[in-house]
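Participant: Chains as they are written, first to last, in our numbering: chain W, 1 to 305; chain V, 306 to 828.
No lab work stands behind these hints: they were computed from the structure.
Nothing here was measured: the structure is a model prediction, and the numbers come from that model.
Where is the CB? At the ideal position from N, CA and C, for every residue including glycine.
Accuracy of the hints is not assured; some may be wrong.
[Claimed, not checked] Derived DEER-like restraints, expressed as beta-carbon distance ranges: (1) W/61 - V/503: 30 to 40 Å; (2) V/571 - W/169: 51 to 61 Å; (3) V/712 - W/91: 57 to 67 Å.
[Stated by the list, open to error] In silico SDA-like pairs for lysine to any residue, Cα to Cα no more than 20 Å straight-line: (4) V/813 - V/390; (5) W/52 - V/449; (6) W/83 - V/519; (7) V/499 - W/169; (8) V/520 - W/122; (9) V/443 - V/494.
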Amino acid sequence: MLYFTIRRLGLAVLVALTVSILAFLLLHLSGDPALALAGEGARQADIDMIRKTYGLDRPLIVQYADWLWHILQGDFGTSVYFKTEAGPLILSKLKTTLLLGLGALAFALLISIPLGVLAALYKGSLIDRACLAIAVLGQALPNFFFALILIMLFSISLRLLPVSGSGSWQHFVMPAIALGYYVAPAFMRLIRAGMIEVLAADYIRTARAKGLPARKIVFKHALRNAIVPVVALAAVQLGYLLGGSVVIETIFALDGLGYLAYQSITYKDYPVMQLIVLLLSVLYVLLTLAADVANAWLDPRIRVS
Amino acid sequence: MTDFRITPAAPAPSWRHAAPLKALAAAVLACATLAAQPALAGKKDDTLRMAYDQAPESVDPYHNNVRIGVIIAANVWDTLLYRDPVTNEYKGQLAKSWKQVDDKTMEFELREGVKFHNGEEFDADSVVYTLNYVADPKNKAVTQQNVAWIDKVEKIDKYKVRLTTKEPFPGAKEYLSTTAAIHPAKYYQEVGPKGMNAKPVGSGPYKVVDYQPGKSITLERNADYFKESPKAQPKIGKVVIRFIPDRQTQMAEVISGGEDLIMSVPKDQAEQLGGMPTLQMVTGNTMRIVFMQMNIQEGTPAPQLKDERVRRAIIHAIDRESMLKNIVGEGGGLINTICTPSQTGCTQDGAPVYKYDPAQAKKLLAEAGYPNGFDIDLVAYRERNQTEAIINYLQAVGIRAKLNFLQYAAMRDMIRANKASLTHQTWGSNLVNDVSASTPVYFAFGNDDITRDPQVRDLLNKGDRTIDSGARNAAYKQALDLIAQKAYAVPLWTLPAYYVATKDVNFKPYSDELVRFWDMSWK
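Could you build the full structure based on these sequences and the hints that come with them?
Facilitator: See the structure below:
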């Protein structure tokens, strides 16, 4: 178990490193950051000054190594756009994104558990098909498009929710739905499959034979067993949700990490951008790792392979 | 989305009595019963809500280069001079009067009794400290050309200052009335640009009461605004500007009443929104000119452009009038020289006009030795629909243009590396209403000049350095004529701007795209 954890941890570090190198290269290859920083009306002298001040005239590999060295020493750099320290800037936005991610996860579970149970109970029936349709739609619909549909429905037609911003809990409802709907099908599929398996088990037949009410059998005996793998999946999906919030936060003008990522790409604010990518990939890797370890702990077969 | 069809070993028993859709129903109900009505915008609470897609990196006018920064600056700060946006006439703002002492020296008599939002008094120290501070390159004002012309500012007495420029600089008045905001000296000295961004203090018609970087800024009417200011006394009590990056979201906000004003709305969408009962569409001209550059430098990827006949053919090939009417939209205007018509020194008079004439274009191409046309690259970065229409027009006379659509910075890289052939350029002159801010950028041997005619350069330089307005305008006119005669660029139009606002507000657009909150009122 220890060896397994260490090996996964080493792999996780490599993944985070690779992602940060890729992000670094992509940002620098998509145009000269100095030009973008200088803005439309800049003269060559301004651009040269910026290039020198920020060390952008050095070879890429040196710039990257320099950045990594500072990160390892706990120096996260300064935002070249907002001119404040990147570390605190990112931390100040983390809360919004975590709230959104957890809200989206809660929504995903809220719809996927009942739908998954229903689909399993009425396996092969029209209800099952309907649940399937809802799930397929969730994965097929791009979330920015779904977000606009939600805005049209809840903000423009029904006037129930504010369109954008992050001032109150109401502001989080639509973003959480738009983001959560996309990951719901994965949960639903897992619950449905789990339920079908459990419902066919002998102890359920016994419980039925004893005359227990159907509700009790489904929720107390069956669902409790079927839901175990969902916990592991939830950890992984939360990582996805944190990363996926870039588009949703931009649409709903939620002042979180995703919106900051969008801004830092637009303004070529590479210290912030790199730090966000690093943070998100570390979070994702950690969550995946937690899921792996939890799974291995629950199921010894995984450890062996 | 795969195995939804696993079949278990035993046939599924009937579960018809199992829990009905309680959980699901609860979830749906939870959404439906949210009684949260979005805060009603507008007249009722005397608050104008505006959405803008970009957040400024700093609110300090010298430390951002985005449009919203300029809008905030004009409402929160004052400048020495003021340029009337309608008559283009200069008036005193923080300065009562001014005079040109010699080619490089101006003297200003300052207004007495003006107070900054924090109570600090305005006097010569404010002007001297602010302008000397920002003109020093060490202090890293973002847009250096706004301040780099200042040599020094000296105090003569408490309400009199003398400004010296490095060179004779006729554009000075223009900068002094737009970008050169005056800060309170004591406060600025104490907190610097960082503190000015955290807690902005100006003397303008609106004061900043709340600022959340990247999110929103709240302005409140400055009830003590000095009565002599050429800016009107502010009428609307509060203004909230929120930064909403997504255009669709902005539109949804104005439809739902969450916001009262949005700008830079695409034409077709503005027209639709304007048809809604609570909204109005307002159009206006802008200072942003649209034109095409042609690379005729040594080593150009398109040597065909070196032939003047080819360049003329390109202009003749494009039906600018019908594009203006059908694609660009009302509010824009045709240009025949490469400068913004409202700019001092910009003129359209006397420059040749190349009418839409595809037959003539084909003839010119044949004369130049291209009876079957040629292939060429066209690089563009905005108003893609316009670029595509242009490509169609070029195609019709045999010029097969391939579109290379890039981000602005990438396009500029390409132009400066001598890799561009035809460009679809736009230029907003950074709001400076003087021709020195437009034509020389593209024709005075700067980085973006890809025609490089020394004769044009010399004329432009002469204009840039001549204080006498008659001689100055004549030099510019000659340069502009020469550019047009040699067909160095395709002059197209000025872009219109579309605003969508609530019907409750009186809103007038100006070509500098500056939203003047002090100029607005409720109906």
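Participant: None of the hints should be skipped; say for each whether it holds.
Facilitator: Comparing the hints with the structure gives:
| no. | hint | in the structure |
| --- | --- | --- |
| 1 | W/61 - V/503: 30 to 40 Å | holds (37 Å) |
| 2 | V/571 - W/169: 51 to 61 Å | violated (33 Å) |
| 3 | V/712 - W/91: 57 to 67 Å | violated (29 Å) |
| 4 | V/813 - V/390 | holds (11 Å) |
| 5 | W/52 - V/449 | holds (16 Å) |
| 6 | W/83 - V/519 | holds (12 Å) |
| 7 | V/499 - W/169 | violated (32 Å) |
| 8 | V/520 - W/122 | violated (48 Å) |
| 9 | V/443 - V/494 | holds (15 Å) |
Hints 2, 3, 7 and 8, counting from the list given before, are not met by this structure.
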